[in-house]
Each structure stands twice: as structure tokens, then as C-alpha cells.
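Which chain is which? The protein sequence lines are A and B, in order. Per numbering that gives the first Met the number 0, the first sequence starts with residue 0, numbered consecutively. Per numbering that gives the first Met the number 0, the second sequence starts with residue 0, numbered consecutively.
Hints listed in this document are in silico derivations from the structure and should not be mistaken for laboratory results. From a predicted model like this one, the values you see are computed outputs, not experimental measurements. One or more hints might be untrue.
[As the list claims (entries may be wrong)] In silico DSBU-like links for lysine-lysine, alpha-carbon gap of 30 Å or less:
no.: 1; chain 1: A; residue 1: Lys-105; chain 2: B; residue 2: Lys-364
no.: 2; chain 1: B; residue 1: Lys-342; chain 2: A; residue 2: Lys-341
no.: 3; chain 1: B; residue 1: Lys-323; chain 2: B; residue 2: Lys-341
no.: 4; chain 1: B; residue 1: Lys-2; chain 2: B; residue 2: Lys-144
no.: 5; chain 1: B; residue 1: Lys-342; chain 2: B; residue 2: Lys-323
no.: 6; chain 1: B; residue 1: Lys-144; chain 2: A; residue 2: Lys-270
no.: 7; chain 1: B; residue 1: Lys-181; chain 2: B; residue 2: Lys-115
no.: 8; chain 1: B; residue 1: Lys-237; chain 2: B; residue 2: Lys-181
no.: 9; chain 1: B; residue 1: Lys-105; chain 2: B; residue 2: Lys-115
no.: 10; chain 1: B; residue 1: Lys-270; chain 2: A; residue 2: Lys-364
no.: 11; chain 1: B; residue 1: Lys-98; chain 2: B; residue 2: Lys-157
no.: 12; chain 1: A; residue 1: Lys-265; chain 2: A; residue 2: Lys-341
no.: 13; chain 1: B; residue 1: Lys-270; chain 2: A; residue 2: Lys-323
no.: 14; chain 1: A; residue 1: Lys-105; chain 2: A; residue 2: Lys-2
no.: 15; chain 1: B; residue 1: Lys-157; chain 2: B; residue 2: Lys-144
no.: 16; chain 1: A; residue 1: Lys-98; chain 2: A; residue 2: Lys-144
no.: 17; chain 1: B; residue 1: Lys-228; chain 2: B; residue 2: Lys-157
no.: 18; chain 1: A; residue 1: Lys-323; chain 2: A; residue 2: Lys-342
no.: 19; chain 1: A; residue 1: Lys-181; chain 2: A; residue 2: Lys-105
no.: 20; chain 1: B; residue 1: Lys-228; chain 2: B; residue 2: Lys-240
no.: 21; chain 1: A; residue 1: Lys-2; chain 2: A; residue 2: Lys-230
no.: 22; chain 1: A; residue 1: Lys-341; chain 2: B; residue 2: Lys-323
no.: 23; chain 1: B; residue 1: Lys-265; chain 2: B; residue 2: Lys-342
no.: 24; chain 1: B; residue 1: Lys-181; chain 2: A; residue 2: Lys-323
no.: 25; chain 1: B; residue 1: Lys-98; chain 2: A; residue 2: Lys-342
no.: 26; chain 1: B; residue 1: Lys-323; chain 2: A; residue 2: Lys-342
no.: 27; chain 1: B; residue 1: Lys-115; chain 2: B; residue 2: Lys-144
no.: 28; chain 1: B; residue 1: Lys-181; chain 2: A; residue 2: Lys-364
no.: 29; chain 1: A; residue 1: Lys-342; chain 2: A; residue 2: Lys-265
no.: 30; chain 1: A; residue 1: Lys-382; chain 2: A; residue 2: Lys-341
no.: 31; chain 1: B; residue 1: Lys-240; chain 2: A; residue 2: Lys-323
no.: 32; chain 1: A; residue 1: Lys-270; chain 2: B; residue 2: Lys-237
no.: 33; chain 1: A; residue 1: Lys-265; chain 2: A; residue 2: Lys-1
no.: 34; chain 1: A; residue 1: Lys-342; chain 2: B; residue 2: Lys-240
no.: 35; chain 1: A; residue 1: Lys-105; chain 2: A; residue 2: Lys-144
no.: 36; chain 1: B; residue 1: Lys-157; chain 2: B; residue 2: Lys-181
no.: 37; chain 1: B; residue 1: Lys-341; chain 2: A; residue 2: Lys-341
no.: 38; chain 1: A; residue 1: Lys-105; chain 2: A; residue 2: Lys-115
Number of protein chains: 2
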Amino acid sequence: MKKASIVSIGNELLNGQTVDTNTTYLSGQLLTIGVPVVSSYTIGDDMDAIVRAFNLASNDANIVIATGGLGPTDDDLTRQGFANFLGTELELQNELLDKIQNFFAKRNLQMSERNKIQAYIPAGARPLANPLGTAPGIMAEAEDKLIVALPGVPSEMKQMFAESVLPELQRFAGTQAVVVRKLRCFGTGESNIAELLGSLMQRGRNPLINCTVEYGVITLHIIATAEDKNKARQMAEKKEKSLRNTLGELVYGTGEQTLAEVVGEKLARQKMTIAVAESCTGGTLAKLLTDIPGASRYFTHGWVTYSNTAKTTELGVPADLIEKYGAVSEQVAQAMACGARKKARTDFAIGITGIAGPAGATEQKPIGLVYITVDSDDGCNTKHCLFPHDRQFIRLRAAQTALNMLRLELNI
Amino acid sequence: MKKASIVSIGNELLNGQTVDTNTTYLSGQLLTIGVPVVSSYTIGDDMDAIVRAFNLASNDANIVIATGGLGPTDDDLTRQGFANFLGTELELQNELLDKIQNFFAKRNLQMSERNKIQAYIPAGARPLANPLGTAPGIMAEAEDKLIVALPGVPSEMKQMFAESVLPELQRFAGTQAVVVRKLRCFGTGESNIAELLGSLMQRGRNPLINCTVEYGVITLHIIATAEDKNKARQMAEKKEKSLRNTLGELVYGTGEQTLAEVVGEKLARQKMTIAVAESCTGGTLAKLLTDIPGASRYFTHGWVTYSNTAKTTELGVPADLIEKYGAVSEQVAQAMACGARKKARTDFAIGITGIAGPAGATEQKPIGLVYITVDSDDGCNTKHCLFPHDRQFIRLRAAQTALNMLRLELNI
Chain A
0 MKKASIVSIG NELLNGQTVD TNTTYLSGQL LTIGVPVVSS YTIGDDMDAI VRAFNLASND
60 ANIVIATGGL GPTDDDLTRQ GFANFLGTEL ELQNELLDKI QNFFAKRNLQ MSERNKIQAY
120 IPAGARPLAN PLGTAPGIMA EAEDKLIVAL PGVPSEMKQM FAESVLPELQ RFAGTQAVVV
180 RKLRCFGTGE SNIAELLGSL MQRGRNPLIN CTVEYGVITL HIIATAEDKN KARQMAEKKE
240 KSLRNTLGEL VYGTGEQTLA EVVGEKLARQ KMTIAVAESC TGGTLAKLLT DIPGASRYFT
300 HGWVTYSNTA KTTELGVPAD LIEKYGAVSE QVAQAMACGA RKKARTDFAI GITGIAGPAG
360 ATEQKPIGLV YITVDSDDGC NTKHCLFPHD RQFIRLRAAQ TALNMLRLEL NI
Chain B
0 MKKASIVSIG NELLNGQTVD TNTTYLSGQL LTIGVPVVSS YTIGDDMDAI VRAFNLASND
60 ANIVIATGGL GPTDDDLTRQ GFANFLGTEL ELQNELLDKI QNFFAKRNLQ MSERNKIQAY
120 IPAGARPLAN PLGTAPGIMA EAEDKLIVAL PGVPSEMKQM FAESVLPELQ RFAGTQAVVV
180 RKLRCFGTGE SNIAELLGSL MQRGRNPLIN CTVEYGVITL HIIATAEDKN KARQMAEKKE
240 KSLRNTLGEL VYGTGEQTLA EVVGEKLARQ KMTIAVAESC TGGTLAKLLT DIPGASRYFT
300 HGWVTYSNTA KTTELGVPAD LIEKYGAVSE QVAQAMACGA RKKARTDFAI GITGIAGPAG
360 ATEQKPIGLV YITVDSDDGC NTKHCLFPHD RQFIRLRAAQ TALNMLRLEL NI
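So that you can see chain A by itself, here it is in the shape it has in the complex:
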């Protein structure tokens, strides 16, 4: 079986400036074609260190992917390091030089003499096109190993990996076809999902289920491997169906969909509208809704009624209601939602009030207590939650929980 090792090159990765996200991306991608990453080396812009890392990585694995150090400046040493590792010299590729010159000409920019170095690659290697920049990638096969160098800029690296490297890797690794589908879930914890899925998540299964969590959204990766793409797709689809049966309304979407996206799509499709009235979330819910391009089709009004006065004057929440039950109460969440829907004349309105902390808690009302109301023609639906962790977590989880309540009302 083929294995891979990753080499990340750049001083910025070792002085606290830059978090290396390339390794995570590449190892996730390699997993989808059934190639496990067994090691990863990070070094600075230093020739000896680069050659040593190439050697270590190619001892660990048959596939080596290096990123970074392909720029035009003096501290970009990956080209030369690659050549030294192969035991060859750098050679000028006239075709590459033309491409780089064209890149600048098209943009009416003067090409610096320095950029010429980017047209050199190790003898025997071949260049990989970079549609987004001037640094070409480099690929070489040597002694049953496939060695690839890509730019470190994540956007350039990702596009080149997907377009030029992945197909080559599939050929080289001779792996079976792999299909990955993602199911996005909200409304329970990771451990509960793990319990519901039981042995499905065990290593070695096919399809294999991987689980990742980010701010309450649980993503299940269904990874199906088979002789051909069609068979793998069928396996993944079958598994997806059975997972949907098991998880029921916990599943809200697929792929990279967010809660705001699925809710927004359905509202737009049904030509329905929404307004929001926020206190403790302070605009977070409006922001999540308007993160989606085209949100103006359904989102019309948002209020951040942070003070009690604002709740009363803008949304008509009776001052004596606030006095009687407190600003953080079921009654006020409902009055905020109803007031917003009435003023905005929307199909739905959401009201949120709670205690995000760190101050403001009382014995009856601890930090993390949040009341959320969804108001519609069907009346008010109110939920109270107690979120753990800190201010940021509480605010984001409250806004997402509100979107999830709306999703369930929309029967998504």
C-alpha cells in the first residue's frame, strides 16, 4: 500500500507567525484516495534542512508532498533543495519562462529579473501549472517514489493539488476508487452520535465513518472504497441512507452546508421572510444569516436590542414585563420575537435573550442561560438552553440553536 509524507518549508511556520493548514488539507485529501499520511516534517528556509527532510520523508513513504519555498526571493530554496535531493541540476524551461512572462504581461506588470528563477526546475522533473500565481509546481518520479513540490500559498496549493496532483496520485497509488460524502448534523453531542452509530465508526470498516465537530455542528464523513467509482458511490449512498434513518432530524444537510444556508435556501424557495431580534448574541444571528450570498431574498430586518429601553421602544416589549420577569426570560424572548415579526411583517421572527457572561449571572440565572423564541403563524415556540464554556461559545451556540429551531419548523 502506498503511504505519504508531507514536508512543509518556510521560516514563518517556525516562528509563531503562520499556522500550517496545508498539512491538514493535504492529509484529508490523501485520505480520500486511500493514502494515509504517516509523517510530516516542518523546516525553515535552509538548504541542508530541506534536503534532509526530503530524505526522511522519502524513507517513510512512497509519496512525498512538499509545500513552500518556491517563490522568487533568495530565501526560496525548495527548487535547489529538490534538485540536490534528486542529485541533479536545475534546468531552464523555456516554456515556463514564457508562461511567467505572460503572467506579468497580462497584468501590465514589469517582470522582475528575480522571477526568472521560477522557470528553472530539476532536470528530469516536470512542471505543474499554477493558474493563480507565478510559481510552478514540480513533480518527479525516482526509484518508485513520487515527489511533488507545491507553492505554500494555500489557495494556489489547493487548486494545483486538485487539478494536477490528485489525478497523478491516483494513477501512481493505483488505489481503488474512493467516494466521500459528508452528512452535517446539529442538535446533539459527539458522544451521543458515536453511541447512535456504534461499531459503524470503527477503523477498518468500509464505508468508514469519520466524525468531526465544530461549534456544535457534527460532520460525518462517509468514505467508501471500491473497484470503481460507481460501486463506491453506491456504497456511500446506501450508507448515507442508513445513517439518515438512524439519525433522523439530527441531519440537516450535506457537503459544506451551514445551518444558515439550508434555512436560507428553503425560505427563498418558499418565498418566505425572516426578521431577528437579538440581545445577548448581539448581531451574531443576523451575521450568520447574511453570511450567505443572496440573503436579501428572505432576510429583511434585524434588531440588536441590547438595552432594555431598546427592547421597549423598538420592539414594543412592555417595560413591566421586563421588570416582572427580567430581561432574560421566556416572556421577554417571546415578546421580542412577536414584536419583531409584527414590525417587519415577516413570516418568521426569532427572539434571543440570555446571559453570555462573564458578568451578569444571578443564582437563578447562570451564565450560559439563553431563551430563544421562533414566532410564526403557528405561534411561538420557545426553548431555553444552558450553554457551557465562554462568552464567544455561548453566543455562537445560541445563534446556531436558533437557526436549528427554525430549520425544524421549516421541516428541513
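Based on the hints, put chain B in the right spot on chain A.
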């Protein structure tokens, strides 16, 4: 000079699930005591790979910091790998066992038999206290090398590194005293800052100036090294003064301060209030302001008037003004700010309207065009900007630029 190498242990780092932020944190911290990180190794939960990485790292450097693999489950192999690397056995430390038992008892939890393994460390090594969890760290000195293993959970790792490891490292590295001060800037690009600072940013300088950028906020790290702390502090302070002179009002704060934080502090101190009226930013500005604990002292009202109707009914923006100049115009930004201030009766109000894209652009009004008004007793101050990149970037930069305008009005 002492150098460091980092070893990151865990399957999740090599299967696309987890981005390794520990290496960035540790290398940044080590830089502050004058210890450069020369390499970093990432491997899965595999005994041979762990021992090999410890060997490689200790060949590269005198200081090795490993993270991860100290949990109680079968795939946590760092303890044993550490012992194998040292050529010793694991030993039960009764004191550690008491601590772990207390950790569970205090929380009224049953301690699993598995957690006992966390009380074992390599013979000759010493444990490092973990105030946040059950996994103690491990530190050993061998052949002029200092080897440290810490848990992989970032919050636990960071606290243990700061409290238990950093002081030891300073002793071990025998470095001179290092003082780091951070200056936070907003209002220009990185290249312009670099030009203003000139040779100050060159490697080898003392104090050294490092520069990082995140969404328009530029942080200058002033790193001063001297025989003692006092001298280093004086050098850093002197350099800070001269940087402030050079950069003038581009500097808005120090340390980890955000724009919303410095603006909020000044508003609270002056007992002044603010309201915001947002269109294209869709709640982002309100969210940034209310990210700060205690924002209710000065932030009272926010409107997200996404539809034209909302602008008219909620903020009193004349419908014919919108018709004449368009919703994205100087006139409408002003009317939004003035309307918000009038309704909320605040000292300041901000109005934002623009085109965040990807749709909605016209020939006269491209994607990224944003009008921002700050209204106060001094009248309306309006700015128009053309932000590059995508929807998220445009929205965040617009909200930050609004905060920056307010900061300048507040003479911060």
C-alpha cells in the same frame, strides 16, 4: 546558542481532522526567550515513529518539546515512547496518582481504571502539573538536552507551558532576558508599514521588530534582548516610543487589544453611548462591539436594515433618497447613521451600506464599495472604501474600518 525542535503526536493531525496550532504557539513563545525552533515533526500514534521523532528532534536541537499522546487510552503512547527514547522504564508516582484521584473526586466522578496509567512517568523524569486536566506533563534532562512532553489539548498545553516549562527553559537556555511588547495598528497595509519602518525590521536587530497581519490589523512585535529584564524593558519601551512617533495615529493599542476593545473602553470611561445601523455588514459591527464583555455600558441599539423598507420604516431614511442615490450611497449611509442616533439617543451612531457581493454590482458601484458614516454632535463624517477579496473579507473589513473611524473621532 540553544535551539528547539517540536514533536507533535496524534493520528488526528495526519488525517485531515485537526489543524496543528500548538507548533505555532510554542515556536512563538520560544522566540520570545530567544530560542529559535529549527524543525518540527508530526507523527501518528505509533510507538516506533514516536521514538524516532524524539531521536531526530534531539539531534536537531538541545530542547525538544513534544505535545499529544498523554491521554489514558490505548493509543496514547507518548509516555512509553519517552521512556524508550531515554532507555528507561515507566514508574508509578504515588503523588501523581493521588492528584488524579483527587481530580475525579472533586468533580464527583468515578475514576476509570485506565486513568491510572497517567500516574506513570519514565524513571528519572519529573512530572509537570496540569491544573486543567488529568494528564501530567513530563520533563527530563539527558545528555545536555531538555526534553518535555505536554498534553495536546491547546488550553492545557498553553497553561502548563507558561507556568511550568517556560521558567525551566529560561534557566536551561541561559538566555538573556527578553521582553516582548506588541503594538497594534490599523489603517494601512503591511508593505506601507514595512516602508515606514525601513531597516528596523531587519533580522539581527535588537530590539527586533516582527510584523503579523490579520484582517487589516497589523501587529508589531518588539522583541528586546538584554542582560537583565529591566534593561530589556527599557529598550523595548524606548523602541515602542520611537515606533509610535513614526506611525502616529496608525497605532491604536498594545498587547492583544482589538479595535472594539479600545473604542469600548474609551466610551465607557467617558460615559458615552453608541448605536449602529448596518446594511451590507449584516450585524458584523454589532457583533464585534458586543464581543467585548460589558459592552452594555455603551452599546444600546443595533439595526440590521437589510431591505430598503427596513431602512425607511426603522431609521427614517427617506424612500426618495434611496431611489435617487441608491441604497449604496453616501447619502443613505448618512441618513442611516443620523436616523439611528436620533432613535437611540446615543452620543455616536454608525451607518454602513455597501456591496459585499458576489452579486449586486453595477458599473458605477463595484463589489467591495462601502460607505461608512460616523454621526456625532460634531456632525457626520463619511468615508467610502473599496475593499478587495470576497464577501466575508469585505464585511469584516468594513466593520473594522467603521470602528477605526470611531477610534479616531475618540482621539485614541
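Next item on the list: Report the numbers of all earlier hints that the structure fails to satisfy, in ascending order.
Entry: 6, 7, 14, 19, 24, 25, 28, 31, 32, 33, 34 and 35
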